Amino acid sequence: MIEIRVEKDLGNFSLNLSLSLQKGMTVLFGPSGSGKTLTLHAIAGLVEPDSGMVRVNGVVYFNKKEGVNLPIHRRRVGYVFQDPSLFPHMTVFENIAYGISGLPSGERKRRVNHMIERMRLGGLEKNFPHQISGGQKQRTALARALAASPVLLLLDEPFASLDNPVREKLRLDLLRIGKEDRTPLIFVTHDVEEAFILADEVVVLNNGRVEQTGTKEDIFYRPQTHKVAKFLGVKNIFHGKVTDIRPGEGEMTVWVEKKGFRSSIPYREGAVVGDWVRFCIRPEEIMILKEDRPIKKNLKANIFAGKIVRIVEKGAEHTLFFKQSQDDYDFEISISNLAYRSLRIKEGQMVNVAFKWESIWLIPEV
Amino acid sequence: MDESVLFSLRLSFQVAIAATVLVVLVGTGMSLILARKSFKGKEILDILLTLPLVLPPTVTGYYLILFMGRNGLLGKYLFHWTGWSIMFTWYAAVLASFIVALPLMIKTTRAAIESVDQNLIKVSYTLGHGELKTFFKVILPLSRKGIIAGAVLSFARAMGEFGATLMVAGNIPGKTNTMPIAIYTSASSGDWSKANMMVVFFTLVSAAFLYIANRLSKRGVW
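Those sequence lines, one after another, are chains V and Y. Counting along the first sequence from 1, when you hit position 296 you're at 296 in the working numbering, and nothing is skipped either side. Adding 366 to a residue's 1-based position in the second sequence gives its number in the working numbering.
Heads up, a few of these hints could be off.
[Said to hold, decoys possible] List of simulated lysine-lysine pairs, BS3-like, C-alpha gap at most 30 Å:
1) V:Lys323 x V:Lys258
2) Y:Lys488 x V:Lys109
3) V:Lys346 x V:Lys314
4) Y:Lys499 x V:Lys137
5) V:Lys137 x Y:Lys473
6) Y:Lys403 x V:Lys65
7) Y:Lys488 x V:Lys23
8) V:Lys64 x Y:Lys488
9) V:Lys300 x V:Lys241
10) V:Lys137 x Y:Lys488
11) Y:Lys503 x Y:Lys473
12) V:Lys64 x Y:Lys408
13) V:Lys109 x Y:Lys503
14) Y:Lys473 x V:Lys109
15) Y:Lys499 x V:Lys64
16) Y:Lys560 x Y:Lys541
17) V:Lys64 x Y:Lys406
18) Y:Lys503 x V:Lys126
19) V:Lys126 x Y:Lys488
20) V:Lys65 x Y:Lys541
21) Y:Lys499 x V:Lys126
22) Y:Lys488 x V:Lys179
23) V:Lys258 x V:Lys296
24) V:Lys323 x V:Lys290
Just so you know, these hints were derived from the structure itself, not from any lab. Computed from a predicted structure; not experimentally measured.
With the rest of the complex left out, here is chain Y:
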């Protein structure tokens, strides 16, 4: 198999796994806050976190450039202090996948956390356990299925991420061309045989992953 195909495949997994790890950590934390706390601006936070789900990925990517670009709101400080910019690195691909997949994680996990019987949480408090311990010993195990489902969805979304990634990470062969981008490149340059191979390969690998994830979540094993 072509070396560049293998690279794209590896990069796609690398980006998707890194993004999923971030999504699970941040998404679970955010879901917990959204599900259990009430504070000013909660609805705005909810909307902001959900927006990437409905915005075209290019718009999300555009925002990321505005924020993280070399002259962006945050990016300019990053560049000023470190001389480094996230743009056009594989980290940018991770960031794009993370932002786009986060709403999926939050939707499923929040619903799972909200469906945990409130009495169980109260009982845990009355048995002397604070919020943190209650989260790890009661809420987390009981919303496990939702979290796994959210992680699987997020991974799938991150694997397939194209638009926002293209905006912030570009299409640099051997550096940021994830599989969806490589497929686009091959197809648009008329390299059909390579495109075909990648599409089939990508489909099989993704299907296999989903199968494993489904089995895991059904068995309820972490």
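This is chain V alone, in the form it adopts within the complex:
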């Protein structure tokens, strides 16, 4: 278990957070300048917090009050930077062997070879860093960090400078290794997709503070604040005024003035008419109604008539932009390619769209 409670004032920026992380892959997510790297530095000992404590598996790494500040090299915290930072004067083999100490040379060699095999680096042992590709470099850096048997591995946007296909492969490598080694990993990224693929647990940082902590489903589908929703690129966020409450049915109605529509959303305990609320609906939860089909009862409260103004093809799905008001567009709708083909929608076409009120997420932050 990793427990952190640190404060650090850098003049124009201050970090003040407290985290308690379990095993597995934790993703530290947040915009640039939110304090992600500084947090990693505090854990690794690369920066000394002004106050607080850092404790990993019961071992105190830092405690301001007790005057404990374990030097970096005695923390056994692996660190992989965005830049692979391989030792240029050492071969791939020597780089990986660098952090293994206190083992007889045969055992050491065996361990390095095992890492080389696991990280798909076979045949590159004798190469120097300038002779291998970016992806191979980062795999070597990962192998080097893991070969030292860290108690915790920190990864600071390690794949950010790699091409997409290479990045995807490396993510899979990392997931595999994480499962095999059971080494706790803390992964910093500002890439939403990466966060979603890798995370067991997500910590969203903003301006040096923790904005929300939770499983990735919690974070992505149930953002607690408007900021978290925005950082995660949550679509279809609306701000409206409650005009009617029906606690018995678990529903209430809001008027979204900016977009000029009324919507039925889940009732929030204690809400009264006149309250302002923020809610969102995921693009894949919005349905395009076929004219010849009867409309299901639970869709009836939220049906909108308008125009598809733009269609963007995104790999396995199509994103449609739906508009009924004067705004640029009102809803972003995501449908599978299969559904897209069967609906035969064109840009400019008039359609009816609908969603269930239950699939609306009401952002709790008032």
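With the hints as your guide, set chain Y onto chain V.
The following block gives chain Y in isolation, referenced to the frame of chain V:
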């Protein structure tokens, strides 16, 4: 060749090599401290170590007399405890060359150490190696070229050292007359043929040394 010429040549090499060894050891250590540590008085230390580069060698020599002379600040204790004074021995020539060459070593080595990627040093720490091991396994190999360049420059400077050496080691034939001093003596006493021979010989030997040093540093071999 004249016996005394050979002596001067040998002495010059002996002094320059001894001074260079000291310069490399002390200079690398000092460079490491100046490049990687921050402490009170760092700038003053930097200035003190650089001063011999800009001061006339005679001034540096004068300071050395003040410090190391028989009645000097440190020299008087040395004399009191051992009855020995460094003045007018070949050790004094080594000391003078060392002080004068040290700034050259520090300038080049410090720059080389500072140019080592900070991340590599951090990575080494996170892989469980402390400062000492990191120095020998990462910083030193990566600033090797700067250290070699500094050593070569220091050696050349030590070979050519004249002013400060004359002040502290004097011009004792067969004892402290290094080649630059012997050349000065010959020239000032009108012994042109001897001076010519020494100048040519000194030039050739120095050029040969620089050539070898350049080759070594290009190949990056210690």
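Comparing the hints with the structure gives:
no. : hint                : verdict
1   : V:Lys323 x V:Lys258 : 13 Å, holds
2   : Y:Lys488 x V:Lys109 : 24 Å, holds
3   : V:Lys346 x V:Lys314 : 16 Å, holds
4   : Y:Lys499 x V:Lys137 : 23 Å, holds
5   : V:Lys137 x Y:Lys473 : 33 Å, violated
6   : Y:Lys403 x V:Lys65  : 25 Å, holds
7   : Y:Lys488 x V:Lys23  : 25 Å, holds
8   : V:Lys64 x Y:Lys488  : 22 Å, holds
9   : V:Lys300 x V:Lys241 : 20 Å, holds
10  : V:Lys137 x Y:Lys488 : 17 Å, holds
11  : Y:Lys503 x Y:Lys473 : 22 Å, holds
12  : V:Lys64 x Y:Lys408  : 28 Å, holds
13  : V:Lys109 x Y:Lys503 : 19 Å, holds
14  : Y:Lys473 x V:Lys109 : 40 Å, violated
15  : Y:Lys499 x V:Lys64  : 28 Å, holds
16  : Y:Lys560 x Y:Lys541 : 18 Å, holds
17  : V:Lys64 x Y:Lys406  : 24 Å, holds
18  : Y:Lys503 x V:Lys126 : 18 Å, holds
19  : V:Lys126 x Y:Lys488 : 24 Å, holds
20  : V:Lys65 x Y:Lys541  : 64 Å, violated
21  : Y:Lys499 x V:Lys126 : 23 Å, holds
22  : Y:Lys488 x V:Lys179 : 27 Å, holds
23  : V:Lys258 x V:Lys296 : 28 Å, holds
24  : V:Lys323 x V:Lys290 : 17 Å, holds
Hint compliance for this structure: hints 5, 14 and 20 are broken, all remaining hints hold.
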